[in-house]
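**Student:** Start from the sequences, fold in the hints, and give me the full structure.
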Amino acid sequence: MQLLLRQITYDSSGLPEYADSELTRDNIVIGRSQKSDIQLLDKGVAAEHARLTKSGDKLRLVAAKGQSFIINSKIQKQAELKPGDEIRIGAQTFICTEAPTGFDLALEWQFVEMPEGALSDAYRTSVSQLGFSPRIASWVLFVLVLLVGLSPLLSDIWQADKPAVQAANELANDNMAFHKLWLSGPLLSAHELTTGNNCTACHQTPFVQVKDNACQQCHVALGDHVMPAEHPAEIAEWVAALDEFACQNCHKEHNEPASLVARNEGLCLDCHQQMKPSVKGFSQDAHPEFALSLLRPDVTRQNGLLAIDWQLEKLRPQASDGHESRIAAVKETSHLKFPHDTHLDGEAVKHARRGDALQCADCHTLSSDREHFEPISMETSCASCHDLSFDPRTPQKQLPHGAPEEVYDALEAHFVKLAFSPDTLVGFERRRIPGRTFTEEDCDQDYACAKQQALRETGRQFSQRGCVTCHEVSEQENAEGSERWEVLPVKINHDWYADARFDHQSHLTQWDQSGDAVCSSCHSATTSAESSDILMPNIAQCVDCHDGRAQAGRVALTCISCHAYHRHSAIEGTEGIGALMQGAIHDQP
Amino acid sequence: MKLHQSILEYRKGRYGWWALLLIVGAVVLFGSHGDFQPPNGGTWQGYVLGSVGLALIVWLTALGIVKRRYGKSNVQAWTSAHVYLGASLLIVVSLHSALQIGLNVHSLAYVLMCVVIFSGFVGLYFYRRYPHLMARNRRNQSQRQLFSELNDLNQKGRALAKRCHPNLASAVDTAIDRTAIGGGFLDQLLGRDGSTVVLIEEDKKGGIQRKPVSNRDQQAIIDYVAKCIPRARKQGEAANIQSLLEVVCRRQTVTRQLRQDIKFNARLKVWLWVHVPFTIALLAALAIHILSVFYYW
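In order, the protein sequences belong to chains A and B. Under the numbering used here, read the first sequence as residues 1 to 589, first letter to last. Under the numbering used here, read the second sequence as residues 1001 to 1297, first letter to last.
The hints are simulated quantities; they were obtained by calculation from the structure and are not laboratory data. One or more of the hints may lead you astray.
Within a straight-line C-alpha distance of at most 25 Å, the following computed SDA-like cross-link-like pairs (lysine to any residue) qualify [claimed, not checked]: (1) K1067/B to L141/A; (2) K1205/B to F103/A; (3) K35/A to N1265/B; (4) K1269/B to I136/A; (5) K252/A to L1029/B; (6) K54/A to R1210/B; (7) K35/A to A1180/B; (8) K1162/B to L81/A; (9) K1211/B to K280/A; (10) K35/A to A1159/B; (11) K35/A to Q1252/B; (12) K1234/B to L15/A; (13) K1162/B to E108/A; (14) K280/A to G1034/B; (15) K1156/B to E108/A; (16) K43/A to R1178/B; (17) K1156/B to Q7/A; (18) K1162/B to K280/A; (19) K43/A to K1204/B; (20) K1269/B to T24/A; (21) K1204/B to S21/A; (22) K1227/B to S21/A; (23) K1205/B to E22/A; (24) K1162/B to T24/A; (25) K35/A to Q1260/B; (26) K35/A to G1184/B; (27) K82/A to E108/A; (28) K54/A to K74/A; (29) K252/A to G1042/B; (30) K65/A to A1180/B; (31) K35/A to C1249/B; (32) K35/A to V1213/B; (33) K65/A to R1178/B; (34) K1211/B to L141/A.
**Tutor:** If you want it as structure tokens, here you go:
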């Protein structure tokens, strides 16, 4: 559209001055902004106040949103223009006149000089004029943060209205997206799995720390550390201090990097340095001598029968000079005669098959818990060299092992059979072993003679050779016949340091020695002549390499490196697994 | 006594030493984390650091109230301490969090706090730099006086232009009409100049070309007016145009000053648009951080 704009001003003498300009636009914008086609520097005029448009032959003036103008003394939002109309926008007046040829519209602008200050008002000279309100922005952000931050609680409230048929698991997982916003750190993955991402599985009451009973929902078979019944008066106060939040003392969840088990010794030493013996750490001086768990047989006779009650005795020996690896003063009673020195002497004893010296591992097999050894039995460890034959004429005949009361019966059966069917011994004279004599008389068809022979041989087995070689035998002077002798049952200590864990496997690898030398570095078996010798190392051995504090040349040990806090009452048959698991958890870095 | 003293040098930077002491204390406390637990907001050291951080944030926020109680408190001391202790908060809270960042409300509070502190650094930089530049730029005049001068120049320019060739008169008119000062957010903040001018030029065929062109820094109109001087034919016209040239050149200086002044003023205000709303958001996030930690204790 073509617009002729005539600006009328008056000079100092009051004569009008005309300035014509032509505008060719589809839309002619009137406003305060310098981008407008007709700029009105007036506070009462918006940046874009109104626009002139042409549709067909009609010319319209349309006010912008929220604005208006006065046309022929009437306030209007929009109007169709015709010659003679008077338009007022702010302080300025425009009069529509008959458009000359070639123009769609002619406007006479009765120009009014701007008042002082209008110029600066025409511009946006401060950021405060941009319509941005820090106050509103603050509130918006405030509410936004509250909504996001409280979304876990809000989602719970919303979910609570949902029908109850929805499974609890589903609910927990639905909400988890929100609840993760409150997570202060990752959850142990096993806990994440079992709690189904449900915070309230452990955090049962808002604003109350997680209590032990939340842990014990799953951890049912955990042994308690302190048994009030065992030390009632001494530790009552400390037991009371282990309140219902005891688990949290050592176990912290949501902790990055994940460390569910607290490892610092201070937790243990708080109590144990006040106890007797006092523990202040791990070194020769700070830690008491290891307490041996000894098996003590309590041998009694009831109605003439031998009764043995094995008592577990805890004994804390004082090493004579602190560095002696043999705990000299204490003796073990296992009722087995076994000289380690002889068996490890290659000149004296050779392996039945290999023909060379015996090695520790020939008898001692490490069990799967990596600490203890498989029980030693006659059949697996001794029988390859020590058979139980008793009559050189019948070397294949063996006495029953482990059943001393059957020994006489076996011997009697043997000698009676010999007396009544001497054919058994055909060829014996020819196969006689050189250098050995057998001076038993021949009881030809004589039952009493054979019985005598059996009794004599029984006596020899129990008091001169055979059983008595390895076993303690009790002899009753006044008893008759075979009831005179009884073999004291053997019980070999399986767990010398019952209150501590030790990983043999990792200690078997040493940089400067291998094989039996490794074993001998702690267990001085090569010089032990008696089975009553205790071959366990004491703390002096450990502190050669270990210390309670990390320092150069020492491997750090904390309390839980060797000791378990929880007393596991393992399910029968899973003891080894329990021990393994304890090791696995506590060995985590 | 110095008339002007920077808030950083207030009492020889007394609060700077306080802040340093606070940072050293926080680092020592953080270092006392044993091997019981990795450093964390939930250890006793973490609780202490967090409480100190909370107290600092609440106290720092109070500056907004204090500075509005004119004359009742020493705002300079408050601001000096606000800057130093606010900066130290960055260390205290980072140690409290042990830099464990995740997608959660705890890190949200941390991030908001960082936005607040760094926007504060920006504001501090502006306040250290711009007051001098502004005084120099305005040359002892106020913005109001500059606008008044511009208004005079505009009227003078239009009056002189009317006595010249209509093309020149129209060009000067549009240059004055289409002078941009201030404007939108970025225009004010960056001092951008969107001024235009409609120049009327005769092409080779004798036709008339109306070209709206950029009049950045009023350079286009100055060039146009200058080019008209040698073309002047009527007596006295050259002198008239010469006067007009002086006016448009003076307009260039004044509009430059105004634009710079608006730019500095905008920058001095705009950092607070981040600092204040994010502080309020931080208070909300902090409340939720504390609530969530103890709700699921």
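**Student:** Flag every earlier hint the structure violates by its number, smallest first.
**Tutor:** 8, 9, 18, 19, 20 and 34
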